[in-house]
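J.: Those protein sequences? They're chains A and B, same order as listed.
For the first sequence, the residue numbers in the working numbering are 1 to 306.
For the second sequence, the residue numbers in the working numbering are 1001 to 1306.
Check the hints yourself; a few may be wrong.
Stated by the list, open to error - Looking from chain B toward chain A, a few residues come up when the C-beta cut is under 7 Å (computed):
(1) F1068
(2) Q1085
(3) T1089
(4) T1161
(5) R1163
(6) P1237
Said to hold, decoys possible - Below, computed lysine to any residue pairings styled on SDA-like, alpha-carbon distance capped at 25 Å:
(7) B:K1224 to A:M272
(8) A:K224 to B:G1164
(9) A:K224 to B:N1249
(10) B:K1040 to B:P1063
(11) B:K1224 to A:E202
(12) A:K224 to A:M272
(13) A:K224 to B:T1025
(14) A:K224 to B:L1287
(15) B:K1224 to A:G164
(16) B:K1224 to A:A204
(17) B:K1224 to B:L1287
(18) B:K1224 to A:Y201
(19) B:K1224 to A:A205
(20) A:K40 to A:K99
Rather than coming from a laboratory, the hints here were simulated on the basis of the structure.
Ideal placement from N, C-alpha and C gives every residue a C-beta, glycine not left out.
Number of protein chains: 2
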Amino acid sequence: MGLAQRIGARGSEFLLFALTPPRITVTRERAQEIADVTQKRLTPLGLDGLLLYDIDDESYRNPQERPFPFLPTMDPAAFRAQHLQGWDTPVVVYRAVGKYEEGDLRAWMEAQDADRALTVFVGAPSRHRRSATSLVRAQELWAQTRPDMRLGGVALPERHTRRGEEHLRLIAKQEAGCSFFVTQVVYDVNAAKNLVSDYRYECAARGLEPVPIVFTFSVCGSLKTLEFLGWLGVDVPRWIQNDLRHADNTLHASYEHALGAAGELIGYCRRMGVPFGVNVESVSIRLAEIEASVDLAQHLGRELQR
Amino acid sequence: MGLAQRIGARGSEFLLFALTPPRITVTRERAQEIADVTQKRLTPLGLDGLLLYDIDDESYRNPQERPFPFLPTMDPAAFRAQHLQGWDTPVVVYRAVGKYEEGDLRAWMEAQDADRALTVFVGAPSRHRRSATSLVRAQELWAQTRPDMRLGGVALPERHTRRGEEHLRLIAKQEAGCSFFVTQVVYDVNAAKNLVSDYRYECAARGLEPVPIVFTFSVCGSLKTLEFLGWLGVDVPRWIQNDLRHADNTLHASYEHALGAAGELIGYCRRMGVPFGVNVESVSIRLAEIEASVDLAQHLGRELQR
Chain A
1 MGLAQRIGAR GSEFLLFALT PPRITVTRER AQEIADVTQK RLTPLGLDGL
51 LLYDIDDESY RNPQERPFPF LPTMDPAAFR AQHLQGWDTP VVVYRAVGKY
101 EEGDLRAWME AQDADRALTV FVGAPSRHRR SATSLVRAQE LWAQTRPDMR
151 LGGVALPERH TRRGEEHLRL IAKQEAGCSF FVTQVVYDVN AAKNLVSDYR
201 YECAARGLEP VPIVFTFSVC GSLKTLEFLG WLGVDVPRWI QNDLRHADNT
251 LHASYEHALG AAGELIGYCR RMGVPFGVNV ESVSIRLAEI EASVDLAQHL
301 GRELQR
Chain B
1001 MGLAQRIGAR GSEFLLFALT PPRITVTRER AQEIADVTQK RLTPLGLDGL
1051 LLYDIDDESY RNPQERPFPF LPTMDPAAFR AQHLQGWDTP VVVYRAVGKY
1101 EEGDLRAWME AQDADRALTV FVGAPSRHRR SATSLVRAQE LWAQTRPDMR
1151 LGGVALPERH TRRGEEHLRL IAKQEAGCSF FVTQVVYDVN AAKNLVSDYR
1201 YECAARGLEP VPIVFTFSVC GSLKTLEFLG WLGVDVPRWI QNDLRHADNT
1251 LHASYEHALG AAGELIGYCR RMGVPFGVNV ESVSIRLAEI EASVDLAQHL
1301 GRELQR
């Protein structure tokens, strides 16, 4: 059974890997090289699917200086269509819906094979910005054109910590058609458990079945990356920040933390009967960090009952 | 080596049990019965020490209605002197210093055997209330009269979550003479780890050796007790609250949570090289909860390297 079918059946324990497409400035040949190397690296993992992020310049949502400059990346749909034809498991293509006109979104959805492509819609986080298509409108387009294609939503444990109602947002998205959720990188396991717990009990109270939540983990090879996580709105608990700052090997320490966090969430979701997946995100272009991400995915894959 | 010597040597892994003295309204005979039953129940645990709380009416610090009425309890120093003469390990006697005149505090300290009695000073939490002796003044009295007697302080992970400077308070108390700390009941392990971590690295930066931190755990047998924990200012993470609310057996679920939290903190402190102790607090007068507390202490005692 493929990823789309498993998600439709409220399956659990799947393994994903997330990539950011190459910068738009690379040549076609270089993009293909990157795609080939990546496929070669990921094939041994036996992934259930690949996630392709759609990076938007989010500097408008955080007035503080971005630790890494924003570099526009290729449209993930284009990167997949042009360079990842050989990839043999389903791809979850992110759509930062505010970037696309309705017609473009609709045309893209219409062209997809629902067994091979899933999508996650991400709304523009700020109201102070012109958005070509809103999240709600994008969901309507999906319902009109491709309700058979699996639609996912973003789950933010950090927002639950601040506002305590992320579980209600998840349920609203579920009612709008989402059949899975993906978190941003999880460092605060407690916040993630709070969200899972509130979501699970709210589903029970409403007679809804919970849909799979995919938890994202990554390694963090430098203090600059740690700073960037903070800029992105990821809560990294003080004790983990301290560990990373004082570690002889930041990459290794972050790997251990990711393993620990994932193990705790896997055990918790199993106990709570909430279906879940694990996603490893490669955040850096440094080879050591890419390799550590692949190792992490392999390690976590062995923990899953697949 | 007794508890006082072990604390002086920055020892670790000790096991304590905390009691609230009987209400002041009980007869002398009844108080003795309570003391006898308690000693019989606790002796098999092989405790390193007993903590006796000094309960103050804290209703001034929280305007919300107290879930349980405030019932004045015996002075722990008097309870020990009159009813616990037969108890053979050291006793840590709490002093809510705001309740006592300087002369009384001084006289009590002068009468103690430093091998048999330790003390923890607790300051009045609010400025809106007449306080006979301030925490700082009590520490001065201690330094003048009984600097050989082990003095402890209170550590509040919750305050660290709010203000981020509890580690600096601990260091200030340490500089004022405290040689150990005791937390209130820990449900938020993440907050406790944050405090331990910040404290440990701040000690390292100042060339100080960390002193033992005693973490307190308890069972919670009812939703009323859960509500009371909230009133007392204990942060219980949402997911744990949900688990307790939906458990078939609240007492059993809270026991499992306490075991998990203690195990995580024990592992963390060992890894960080911060000396620690474990304290089990009996919060209820219901027999099932008292027995579960004793079982918890026994179970945790086996986890410690004693």
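J.: All the hints need checking, so say for each whether the structure fits it.
T.: Here's how the hints hold up against the structure:
1. F1068: Given a least distance of 26 Å, the restraint on B:F1068 is violated.
2. Q1085: Status violated, d = 43 Å.
3. T1089: Because about 32 Å separates B:T1089 from the closest Cβ in chain A, which is outside the 7 Å limit, the hint is violated.
4. T1161: violated, 9 Å
5. R1163: violated, 12 Å
6. P1237: holds, 5 Å
7. B:K1224 to A:M272: Between B:K1224 and A:M272 the Cα gap is close to 24 Å, so the pair holds against 25 Å.
8. A:K224 to B:G1164: holds, 22 Å
9. A:K224 to B:N1249: Cα-Cα ~47 Å, so violated.
10. B:K1040 to B:P1063: Status violated; Cα separation ~39 Å.
11. B:K1224 to A:E202: holds, 22 Å
12. A:K224 to A:M272: Not satisfied, since the Cα-Cα distance of roughly 36 Å exceeds 25 Å.
13. A:K224 to B:T1025: violated, 62 Å
14. A:K224 to B:L1287: violated, 54 Å
15. B:K1224 to A:G164: holds, 22 Å
16. B:K1224 to A:A204: Holds - the C-alpha atoms of A:A204 and B:K1224 are around 23 Å apart, at most 25 Å.
17. B:K1224 to B:L1287: holds, 16 Å
18. B:K1224 to A:Y201: Cα-Cα ~20 Å, so holds.
19. B:K1224 to A:A205: With Cα atoms ~22 Å apart, B:K1224 and A:A205 stay inside 25 Å; holds.
20. A:K40 to A:K99: Given pair A:K40, A:K99 is violated - Cα atoms ~31 Å apart, limit 25 Å.
The structure fails to meet hints 1, 2, 3, 4, 5, 9, 10, 12, 13, 14, 20 from the earlier list, while all remaining hints are met.
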